[in-house]
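Trainee: Turn these sequences into a full structure, and let the hints steer you where they fit.
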Amino acid sequence: MTDVYNKQNPFFASIKERFQLSRKGSQKNTQHVVIDLRGSELRYEVGDSVGVYPRHDPDLVDKTLNAIKTTGKEIVENRQTGSLLTLCDFLTHKGNITDISSKLLREIAARQTDPDKKHFLQELTLESNREACKTFLQTHEVWDLLLSHEEVSFSPQELADLLMPLLPRFYSISSSQRFVGDEIHLTVAPLEYESNGHKRRGVCTHFICELAQLDTPEVPIFVQASHGFFLPKDPLVPMIMIGPGTGVAPFRAFLQERILHHQSKGKHWLFFGERTRAYDFFYEEDWQEFSKWGHLQMDLAFSRDQENKVYVQHKMWQKGEELFHWLKEGAYLYVCGDAQRMAKDVEAMLLKIIQEFGQMEAQAAKEYIKQMRQQKRYLRDVY
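Going by my numbering, the sequence shown opens with residue 68, and the numbers climb by one from there.
Careful, some of the hints might be misleading.
Unchecked claim - Simulated restraints on C-beta separations:
(1) Ser222 x Lys300: 46 to 52 Å
(2) Ala429 x Lys300: 29 to 35 Å
(3) Ser150 x His186: 38 to 44 Å
(4) Lys376 x Lys74: 38 to 44 Å
(5) Thr180 x Glu141: 23 to 29 Å
(6) Glu261 x Arg408: 45 to 51 Å
(7) Glu225 x Glu261: 28 to 34 Å
(8) His265 x Ile142: 49 to 55 Å
(9) Lys395 x Tyr450: 56 to 62 Å
(10) Asn375 x Arg178: 50 to 56 Å
Unchecked claim - Quick list of in silico lysine-lysine cross-link-like pairs, DSS-like style, CA-CA up to 25 Å:
(11) Lys201 x Lys130
(12) Lys411 x Lys395
(13) Lys130 x Lys140
(14) Lys201 x Lys334
(15) Lys334 x Lys376
(16) Lys419 x Lys201
(17) Lys334 x Lys266
(18) Lys300 x Lys184
(19) Lys376 x Lys332
(20) Lys359 x Lys376
(21) Lys130 x Lys83
(22) Lys437 x Lys334
(23) Lys382 x Lys443
(24) Lys95 x Lys83
(25) Lys334 x Lys382
(26) Lys382 x Lys95
(27) Lys74 x Lys91
(28) Lys437 x Lys419
If you're looking for bench data, these hints aren't it; they were derived computationally from the structure.
Treat the numbers as computed from the prediction; the structure is a model and nothing was measured.
All residues carry an ideal CB built from backbone N, CA and C; glycine is no exception.
Mentor: And the structure:
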């Protein structure tokens, strides 16, 4: 990666292409995004991520400005850098206005003159109410918190100082630079949900998939090198890849590099899952292309295509004997996607498969997985 562009000095890239991977009729809106790297000299390896600095939706900025009764033209200092900018620019690019800092919550409680509202916030910030506080913060943004505590006022600078910084978001790269050249491909599912009667959006997914104009250099990016999510050095080593939903992104990159670039004759096995085959079979044509030029077998888990929901771990169990045979052959096993549920369920199933088909006790199966980790054959990119 070049020294010129990095986290402190991002490259302002443009989006050259953006289209839905979910077909019409899907309940999802997963998108394929192609970022143009020309002029950046940025280099990346498969398994790396891209950091994207987002900007807030103007509507959200306006709601926040209205909540503190300001125009946005006021000049504030960004305490992190010492630079001066308008409050509107600060809220758009620098301050996090979707997540509420504990500092802001405590300051509102301290300044609140309404005794009932003051008591509510003071109770909420007690150590014993951590779960209730977490739920409250997840269902509010800065603007509606401020509106519900209109008794409290802040100067523009005070508000700027009480906000958390707007940090970059990271996305697994779904392309091999050796195959696509000066591009980065991303697989992005815009986050949208409702809370307290208001529509909320993921800041960066909304920016990438809707706000950013095509062919306009307005997307600040940098490459985040992978620390431990990489291809085997030997192109003949078998690979098992488990990536439901957008977790499939790095595996498209792996196969572009291994099969289409290096023309590997090794074995590849992908477990992919989504809601429905008709609407949500992401990159179906790519998998067909990989199968045409190399060895790729797939097990697909479309959870809503039958009465009982089927997930990737169920498909792993169905092929448990073969999967364990691949592990004995020295296969690398990769998992990418949701850390909270999917990755835990997959590891629990892996343990069960090793016990059953390796004829091991639970402790021995755990040791087997531990050895795979030590040998760097069990690699995870979970979030």
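Trainee: Hint by hint, note whether the structure agrees.
Mentor: Hint by hint, here is what the structure shows:
At about 58 Å, the beta-carbon gap between Ser222 and Lys300 misses the expected band of 46 to 52 Å. In this structure the hint that Ala429 and Lys300 lie 29 to 35 Å apart at CB holds, the actual value being about 32 Å. Remark: the range hint 38 to 44 Å for Ser150 to His186 is upheld by a beta-carbon distance near 39 Å. Against the hinted window of 38 to 44 Å, the Cβ-Cβ separation of Lys376 and Lys74 comes to about 40 Å, which satisfies the hint.
Between Thr180 and Glu141 the C-beta distance comes to about 24 Å, which sits within the given range of 23 to 29 Å. The hint said 45 to 51 Å for the Cβ distance between Glu261 and Arg408, and at roughly 22 Å that hint is violated. The supplied range of 28 to 34 Å is met by Glu225 and Glu261, whose beta-carbon atoms lie about 30 Å from each other. As the Cβ distance of His265 to Ile142 is approximately 30 Å, the hint placing it in 49 to 55 Å is violated.
At about 30 Å, the CB distance of Lys395 to Tyr450 disagrees with the hint of 56 to 62 Å. A hinted range of 50 to 56 Å for the beta carbons of Asn375 and Arg178 is consistent with their spacing of about 53 Å. Of the pairs offered as hints, the one joining Lys201 and Lys130 holds, with about 23 Å between alpha carbons and a cut-off of 25 Å not exceeded. At most 25 Å may separate the alpha-carbon atoms for a hinted pair to count; Lys411 and Lys395 meet this at roughly 22 Å.
Proposed proximity of Lys130 and Lys140 is supported: the alpha carbons are some 15 Å apart, at most 25 Å. Proximity of Lys201 to Lys334 is assessed by CA-CA distance (about 45 Å); at most 25 Å being required, the pair is judged violated. Taking the CA atoms of Lys334 and Lys376, the gap is near 29 Å; set against the 25 Å cutoff, the hint is violated. Note on Lys419 and Lys201: the hinted pairing is violated, with a Cα-Cα distance of about 34 Å set against a maximum of 25 Å.
Taking the CA atoms of Lys334 and Lys266, the gap is near 45 Å; set against the 25 Å cutoff, the hint is violated. The hinted pair formed by Lys300 and Lys184 fails the criterion: a straight-line CA distance of about 60 Å is larger than 25 Å. For the suggested pair Lys376 and Lys332, the alpha carbons sit about 34 Å apart, so the restraint of at most 25 Å is broken. Proposed proximity of Lys359 and Lys376 is contradicted: the alpha carbons are some 30 Å apart, above 25 Å.
At most 25 Å may separate the alpha-carbon atoms for a hinted pair to count; Lys130 and Lys83 exceed this at roughly 31 Å. Using a Cα cut-off of 25 Å, the hinted pair Lys437 and Lys334 holds, with the two alpha carbons roughly 23 Å apart. For the hint pairing Lys382 with Lys443, the CA-to-CA distance comes to about 24 Å; that is within 25 Å, so the pair holds. Our distance criterion of 25 Å between C-alpha atoms is met by Lys95 and Lys83, whose separation comes to about 22 Å.
Restraint check for Lys334 and Lys382: satisfied, since their Cα atoms lie roughly 18 Å apart, inside the 25 Å limit. For the suggested pair Lys382 and Lys95, the alpha carbons sit about 22 Å apart, so the restraint of at most 25 Å is met. With a C-alpha separation of about 37 Å, the suggested pairing of Lys74 with Lys91 is violated against the 25 Å cut-off. Restraint check for Lys437 and Lys419: the C-alpha separation of about 14 Å stays at or below 25 Å, so the hint holds.
In this structure, the earlier hints numbered 1, 6, 8, 9, 14, 15, 16, 17, 18, 19, 20, 21 and 27 are contradicted, and the remaining ones agree with it.
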